[in-house]
Each structure stands twice: as structure tokens, then as C-alpha cells.
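Peer 1: Each chain is listed here by its residues.
There are 2 protein chains.
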Amino acid sequence: MKNRIFIKDLKDNFTKEVILGGSVDARRDQGKMVFFDMRDMTGRVQCVVLPNHAEAIEIAKTIRPEWVLKVTALVNKRPEKNIKTDVLNGELELEVTAIEVLSRAQELPFASDAELNIDTLLDYRPLTLRRERERAIFKVQDAILYSYREFLKNEGFTEFRAPLIVGGDAEGGTEVFKFEYFYNQNANLATSPQLYKQMMVGVFERVFTVTNVFRAEKHSTTRHLNEYTSLDLEMGFIDGPKDVMKLETDLLRYMTEYLKNNCKKEFDTLGAEFPVIPLGEMIPSMKLSEAQKLISKETGVDCTTEPDLQPEHERWLSDYAKSEFNSDFIFITNFPRKKRPFYTMDDEEDEGTTKCYDLLFRGIELLSGNQREHRYDVLVEKMKWKGLDPEKFDFYLQAFKYGLPPHGGLAMGLERLTARFLNIPNIKEATLFPRDINRIDKRLSE
Amino acid sequence: MKNRIFIKDLKDNFTKEVILGGSVDARRDQGKMVFFDMRDMTGRVQCVVLPNHAEAIEIAKTIRPEWVLKVTALVNKRPEKNIKTDVLNGELELEVTAIEVLSRAQELPFASDAELNIDTLLDYRPLTLRRERERAIFKVQDAILYSYREFLKNEGFTEFRAPLIVGGDAEGGTEVFKFEYFYNQNANLATSPQLYKQMMVGVFERVFTVTNVFRAEKHSTTRHLNEYTSLDLEMGFIDGPKDVMKLETDLLRYMTEYLKNNCKKEFDTLGAEFPVIPLGEMIPSMKLSEAQKLISKETGVDCTTEPDLQPEHERWLSDYAKSEFNSDFIFITNFPRKKRPFYTMDDEEDEGTTKCYDLLFRGIELLSGNQREHRYDVLVEKMKWKGLDPEKFDFYLQAFKYGLPPHGGLAMGLERLTARFLNIPNIKEATLFPRDINRIDKRLSE
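Residue numbers (our numbering), protein chains in the order written: chain H, 437 to 882; chain E, 437 to 882.
Same shape as in the complex, but just chain H (with noise of 0.2 Å):
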């Protein structure tokens, strides 16, 4: 649009007549004069339209919310009574002198602040993500991708693109959703880049993407999903898990900072809290047979026996962390071999556990990181022993075949990393067009 100023720069236009593109938030006729609101993607101000300009009060009385503008208009200082700080615009007003429409909206079905439950507000998606809330979460969504790619730029990594379609269900324990290639063959949405950015360490060391992936489960819970966006990296010339650990402390450092810079206003809106990472080298880790302890001899409850950790026992540790490091983060490390994939390198030095570790984040776990095993031999055999058939891993395999340094890495979902951050319970919110066992964009009973 022509000489047109963003809302954001109104403020240094006093006096000045300007040019507007933006949509309306809301309105309010008082007779002789009307009221609205207008935003564009940088900000809203507030507009009045005066009797004196007599085609603009027109079209102002027909306009309703959402209705999209082109505005010209004078940038006055508002009455000292009338301003407000700490607010965008809040020193001034425009005082329009004219309107053109340049899009109609038909009324909506609900007001723009109103409380929605979770269908109604993901049934009118297109909708319901202009209001503020929905625009803060993927606000804060874009700026978890732009401080991930940019802190891993920094340190070296290469971006690459993974392949979706896949041959066979490669990883295993998971569901995956099959569908016809060419030739009546069976083609796999993938589950993960995993295989994929193991095979780019030969090629760059340290590589990264950022990808869809799928999971064909059932679920229908706050937690799941059956299509979200994986952040996936892996790095070469490791000396052990800790060397991925310390990066993955480094990243978050790095995201936590740009989100405090960058997305102040959003955190607000939602009234969440940055993350809390202590200072020192790493997060604050423990391996899982001393968390066991732990909880054991603090609880009560036996649990040093269990594979894994209860949702009670995550919220439990991330307490203790809070508490004795001041740390919203925890790593839990050393797992047992047989919950781990086939990727994932035994520790020697710690009998039937792997060098695996998962990060806890108030109460959650936020991710999941290992080391790989990197020789061929042994990988072969750690196939076998997963009852996996190496030979349908041929292609991957050639990685190995052919010399990989000792590698590592991790994985976080961006929709759990957003909701985590800003404290949302249902994950669905902190997902654009969230795909689940009961909704393609519509729910699928319809």
C-alpha cells in the first residue's frame, strides 16, 4: 500500500496526516462522533472520526469488527487527561479524514474476547488466531524458531532438509501412517529425522532442521499430537553425552535471552514467566537410579526399581530443582537399554542403562537427548537384539559402513517447547491447524 506507515510509527508523526492499512478491533458509535480501534501487525491505536468530515463519518457508522481499512488521518496528541502510558499509542490519536473499505467481514459468531472452549476456538481457527492471545503464543512460536536456528548458526551447524516420505517404519515404537507410493509399493510418513541427521554427521558434523513429522497413535489427550514440528540436531566429535547437554544448556540460555529481548509484551499477554536457568556450566543433571533414591528416601515411595519416571516423580524432581538450584530445568540421565532406541550407545560404565538423558522442565519432560552408538559392528548387533532386521537398514547403514565419528543429539517438539514456556495445558493451543484423532482443520464426526 502506497505511503503507507506502520501503527508502531505513528509516534513520530505528530501532526502529521498519514496513510493506514489495518482491520478493526472494535467500535463505538456515539452519535456525532465514532470510535474504533485499528491494528496492523505492528500494534492498535485508536482512531475517532469527527462530524466534520462528512463522507468518513459515513462509512464509519456502516463499519463493524474486523472489517479491513485504508485510513488517512492526522496523528494528534491526545488531552493530557486522556493519556495513558505503558501503553503503544497511548499519548496520541487519530483523527481520520477519510476511509476507504477494503474488505468487509460478516458479523462474527462470538465477541473477541470471549471465553471459547477448545473446539469452538480451533473450528474458527482462521478466526480465533487474530485474537491478541493466539497472535502472543505463535508470536513467541516464531521466536523460539528464529533463536534455535540462529544460536546453532553461531555455533557452526548446517541446515538440511529430511526426507518425509520413508521406506519402512525405521525407528519403531511408534504408529505410523502408511500410505500407496508408485507400484502398489508401501511408502511411511515419517516419524522423525533421526536416521537422517545421523547420516549428515559424515557429511557436515554438526547439522540441524526443523521438520513435520507424524505419529498414526490414537491418543486424544492435552499432550498429543498426530502431526507436530520436530527441532532436530545432532552433533559429531563427542566425548560423551554431556558434550550434547552442555550445547542443549547453551541453546536454551541463548532462547531464554532473545525471548526476554524480543517477546516481553507476549509473555505478558499470557502471563507466563521466562524460564529460569542457573548460572554454571550445565543444567543441574542426576542420573535416573539417584533420582530413584531420592524420591525414595524423600516420598516413601519405592520407585528405585521402575524404567522410567511417573508424572508425579518428573513434578517431584523439577520441584527438588527448583528448590535446591533454582532451576526450572533438570536433566534425568542413564535410562534403562531396553526403553531406549536401537541408536542409543550402552554406558560401560553404568551396567544396562544407555548415554541417554531427558530434560525436565516444571514438571515436564521437555526433551530427550542421547549419544548414538557409532560402530557399525555394534549397532549391527544392537539392531538384532531389538529384534530389528539390519539388512532393511542397508541405505542407513552405508553411514557407519563408511566411518562416523562418535556422535549425539536431541529432539524437542516446537508446539511442547511454546506451550511449555508460556504455561499452556493443552499443547492443541500452541499448534496452528493442530491435527488430532478427531480434527483435519474440522472436526471429523462432521
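These are calculated hints, taken from the structure and not from any lab test. Among the hints, erroneous ones may be present.
Identical copies go unnamed one by one, so any copy, or any two together, can satisfy a pair.
[Said to hold, decoys possible] Cut-off 20 Å, straight-line C-alpha distance, at most; resulting in silico cross-link-like pairs (PhoX-like, lysine-lysine):
no.	residue 1	residue 2
1	K614	K878
2	K682	K828
3	K589	K700
4	K589	K701
Keep in mind that this is a model prediction, so the values were computed, not measured.
For this one, chain H is given, so just place chain E on it according to the hints.
Peer 2: Chain E in isolation, oriented as in the chain H frame:
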């Protein structure tokens, strides 16, 4: 790896003892001494093992290409007569004092510089991607991705994640992969994020995404893929398609500058030349009808009644742009209504045509874009005219029903962009793990 330094930093460490990690590129056993080249993610260096380091030379005699090593070495200046200028580390040589083998490699199926046909290149992808030429291609791809996002961020765009599981063959006009979702409901794999990015214009005005998309077309050519990466963007409050063409011009300028500053070595490796964009506000542009008249006049072949450009005419127009404007690019606009998707806006000033454009680059269509129809009623009519059922699009149509600004956008295939910029004839060479009618990693016939 503790205390590891990167090969690119050796030149700052003359006379010091350093620790390196990397892969063996080549080895020459000269009896008493062993020479080998080692590479890491930052470069390549020549190493020599002298007989006085007994343990190291014993190991050095066993090492083979692609073995992964940890090496301790002294950074020596080369004798004056052996210095190679213009080569990384051409002035130094590593005197290896200790070697630790981190990973062995089996004998390679071919020499690292062997000319390979496309099938062998892809059959051995985890290995062939390590070749200098392949690493150069995907370093450039990484730089294209980075500069694309960086430019758009500077222009106020917000990144979003589009779902790839979709409910209908939304756009029509292309074959889709179908699969069974839950409760016997059918789902499709997305052929583009088009409808979602338009919905997102109502939320953030300017949006972009990078995502895999899928085409079930049974092509087997050097130009087609069944899965590729789409760089999509969409912007609101445009006055016409020229606003998008202007943005695209600026984006390509930014990208070209970024590549010049960061990928000179890679372009040299591939013998490729940087794109040339002429000075001036915008890449030259021409209506299809004008282009056809010009071609007819200059070549004597009448193509003025054709709805599209033939490949030879795309080449002719590119040559014309090069000689007339010294431009590797030329926009061709106003293709006929019939050949463009339903969401393309008609150009009322040029009957029967639409507000769309293709961008030709060195003889081939690089991308296309257009202004979209943002008026709800007109869009619904256009759908019907195209034989589509608006009810099937009711989720998408909400964005229009509730007010959407005039908007437009474009999409580019990352692999095509990479191949064209680097003058690589077969798009599969610019795709890490290409999927085609005959291949998912391995050949399907196997």
C-alpha cells in the same frame, strides 16, 4: 572433543601442538613417512607422520579413506618451495605426534573423485554426500534458506508452520498422495501451504514458511520430484502484484549478495556464476501477450494464441532479457484465467488474464506468484466457475468471510532454486534424499 581446534583455525596456531578431529580424505604411504589429508567441517589440511613418532606411524600405515581420527600434531610452516597460496592451509603442514582411531571405514566402493551416474550417486548417498561437490551444493542450499528467512524477517514477516496432513485435494490440478486417517477417514498429503498462508495473512499480514510438500505425479524427469521443499510467502495490504514482484526482486538481490559473501568457494567448486540482477527498482517485466508478439515478430513462429510459454520460448525470452537488460531474470505476467488456480485474482484491465507472474531465470521458470482474490463473494464465484465446491472449503473461506486485506505471494522450490543457481541439470543432485517414481532412498525395484 576436549580442546579440539578446527582446521580453519590452524593458521593461528603456528608452532603449537593442537588436537584435531576429522576424516581421512586420502593417504599416501611413502615408506618411512606417511602423508594423509584430513578434513573436518571447516576445511582440509595435509598431515605428515614422521618415523620418529613410532606409535603414530604404525597406526598411520593402517588408516584408509573415511576413517575418523583424533590427531595430535604440531603446526609447522611448510618449506618456502612447497607453499601453495590461495589454498586453505597451503602455507602449513601438520606433523602428527599421535593418532587415535575413532571409527574405521570399510573399503570404499569407488574413488572419492570418480565420475558417477545419477543412480550410483543416489544409491550411495550417505557416502557420496561427503564429496566436495556435494558438500558445496548443500552448503549453498543452507545459505539460500538462511538468506531467505533473514530477508523476510527484516521485512517484518512472521514464520508459521503449516500442516501437511490435509483433508481435501484443496487446490486441484495436481495428483496427491492419499492415506487412511482415523475412523476410515481419508486424508491427503499437502501439495502446498497455499490456503494456510492466506489464512495467516489475516493474523500477521506478512508470513512465510519453509515446508516439505508432496506431488503424486508419475514423472521421471530431471525436473520433477515427488517430495520437495517449498519456500512460501504471503503479504497483505498490497496495491497489486507489482508489490510482490518488487519484494521478490529485493529478496533475490539479498540472496545473491549473501551467496557472494558466503559461498564463493562453493560456486567456484561447481563452476557456477552468481545470478545477475540489473540495477533499477524491479527485475524487467513483460505481459505474456507482449512477450508472444515479440517472439512471433523476432522468430517468425506465431505463438500469440498459446495459453502458456513453450520451453524454447522461455529460453528465447531469457536470452532477450540478458542482451536487452543484462538481466538473468525476467517476469512474465498476465497469464490466462483458465490456466491459473481459483485463488488468482482476475486482471479487469486485461480481459481474460490474471494478476499473476512467472519468473524466468536463465531459460527456465524459477517460480510463480500472484495477487489473490480477497473478496469473499468473488472468490466463491470463482471456485464454482472452476468446478470446485465452496462447501468443501468452508474452513478456509472463514478467513475471507471475516475480512482479509488484498494480498499476494509466491512459492519457490528450494531444490529447483539450488539447481538453477548452480547450473546443475538434474534437480535430484540438488536434493539430499530425492523421492521419485523409482526411488525412496533405495531403488524401489530392488
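Peer 1: Using 20 Å as the alpha carbon limit, work out where K614 and K878 are close: within a copy, between copies, both or neither.
Peer 2: between (22 Å within a copy, 18 Å between copies)
Peer 1: At 20 Å max between alpha carbons, let me know whether K589 reaches K701 within a copy, between copies, both or neither.
Peer 2: Intra 27 Å, inter 19 Å, cutoff 20 Å: inter-copy only.
Peer 1: Given a CA cutoff of 20 Å, do K589 and K700 count as a within-copy pair, a between-copy pair, both, or neither?
Peer 2: Classified as between; 18 Å across copies, 24 Å inside a copy.
Peer 1: Could you figure out if K682 and K828 sit no more than 20 Å apart (CA to CA) within one copy, between two copies, both or neither?
Peer 2: neither (34 Å within a copy, 49 Å between copies)
Checked against the numbered hints above, the structure violates only hint 2.
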